[in-house]
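Chemist: Residues per chain, in single letters:
Number of protein chains: 2
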Amino acid sequence: MTTIDNGVNVQALLDAREVLEGAPEAAQFTWRASSKWTTGVHSTTTIQNYFGLGEEQSHKTETAFDADHPEIFAAEDNGITPIEYLLVGLASCLTAGVASVAQNRGIQLRSVESTVEGNHDIRGMLGVDSDVRNGFNDIKVTFTIDADASKDEIEALVAQSQKRSAVFDAISNPTEVAVAVA
Amino acid sequence: MTTIDNGVNVQALLDAREVLEGAPEAAQFTWRASSKWTTGVHSTTTIQNYFGLGEEQSHKTETAFDADHPEIFAAEDNGITPIEYLLVGLASCLTAGVASVAQNRGIQLRSVESTVEGNHDIRGMLGVDSDVRNGFNDIKVTFTIDADASKDEIEALVAQSQKRSAVFDAISNPTEVAVAVA
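Line order of the protein sequences matches chains Y and X. Positions 1 to 182 (our numbering) are the ones given, in order, by the first sequence. Positions 1 to 182 (our numbering) are the ones given, in order, by the second sequence.
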């Protein structure tokens, strides 16, 4: 178990679990983003600071993300579309989970790749048909994993990752979103 | 109505709506992402191609997104966390909607800024307490808008954007996500 290395410090995560069991208030995080409209449907969103473990925290650097619509929607394509950002979050969350669970189970990973496909009937958001929802109809994630493990063990890794994934939950299940004007 | 300019080609969107009313198959889009594990919980996800209007489409360039966990989780902080990508998508989608609706209503925007806060009890994903969900508890979006319009008109812009937002729907309501191993 100790000779494999996926680069995940599982002991630190197990220690954190133990600490947070007795200190639920430290487990309350607030993630933040700040967005600015540029022109048209182009905007830039920056992320750096967040709150967690009872105090203000900060990523090492500020990261900026452009979003726009593609040229086929008569826009400038200065960035990916907003809804594609959900696929980035989903793929990366499930991948992080696979690496963490593999480390915890003593499975050496060699490569983990995934493709995500989100089906989207755009008649909803365009207001063509009020029976069509605005967001995705459904999403399919397919993993290709090379690891020192059987097919069953690899499938169990992915299943456990899904069970603990923050983004899988956030997309599969409803979350209350309050939108206000300052 | 014609003298204001938010950089949104509303006529093209209205034309698209009319065309798609008679051609629902052209409105079926598939957005795609490809993700590769690096090491630890760090991964890189790329986006370029998608399907829509009945054929393969492509963004002007491929964009790559790093995701990682922060140093307080014993990781390297080589990118924002997966769940923060959902906030990027939400802010940019609502902002694009505000610009589009303003253009359609003849309202000149001067600036649109928003902050998004996602509250997250990390005991869920760490497996500390199975009664705590893995994803966000709730999300709050606050807009600050400078426009040639009354406060009521600005609030109506934001409400209409929310009503048509793909990402607002995807986060507020459940979506079926199927995860498989190739």
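Since the hints were made in silico from the structure, they are not lab data. Fair warning: there could be bad hints in the mix.
When chains are identical, the list treats them as one kind, so a pair holds in a single copy or across two.
[What the hints assert, rightly or not] Using 27 Å as the maximum straight-line C-alpha spacing, the simulated BS3-like pairs for lysine-lysine come out as follows:
hint, residue 1, residue 2
1, K163, K60
2, K36, K140
3, K60, K151
4, K151, K140
5, K140, K163
6, K36, K60
7, K36, K151
8, K163, K151
9, K140, K60
Chemist: Please go over all the hints and tell whether each is borne out by the structure.
Modeler: Results of checking the hints against the structure:
Within a single copy, K163 and K60 get their C-alpha atoms no closer than 29 Å, and across copies no closer than 36 Å, so neither meets the 27 Å cut-off. When the C-alpha separation of K36 and K140 is checked against a cutoff of 27 Å, the pair qualifies only between copies, where the shortest distance is 16 Å, while the shortest distance within a copy is 31 Å. Proximity of K60 to K151 under the C-alpha cut-off of 27 Å is found in neither arrangement, the shortest distances being 38 Å within a copy and 38 Å between copies. Taking identical chains as interchangeable, the C-alpha atoms of K151 and K140 lie at most 27 Å apart only when both belong to the same chain, with a minimum of 20 Å there against 42 Å between chains.
Within a single copy, K140 and K163 get their C-alpha atoms as close as 16 Å, and across copies as close as 25 Å, so both meet the 27 Å cut-off. Proximity of K36 to K60 under the C-alpha cut-off of 27 Å is found in both arrangements, the shortest distances being 21 Å within a copy and 22 Å between copies. In this assembly of identical chains, K36 and K151 lie within 27 Å of each other by CA distance solely across copies; the values are 19 Å between and 46 Å within a copy. For a Cα distance limit of 27 Å, the shortest separation of K163 from K151 inside one copy, 18 Å, qualifies, whereas the shortest one across copies, 44 Å, does not.
In this homomeric assembly, K140 and K60 come within 27 Å of each other (Cα to Cα) only across copies, at 24 Å, whereas the closest approach inside a single copy is 32 Å.
In summary, the numbered hints that this structure violates are 1, 3.
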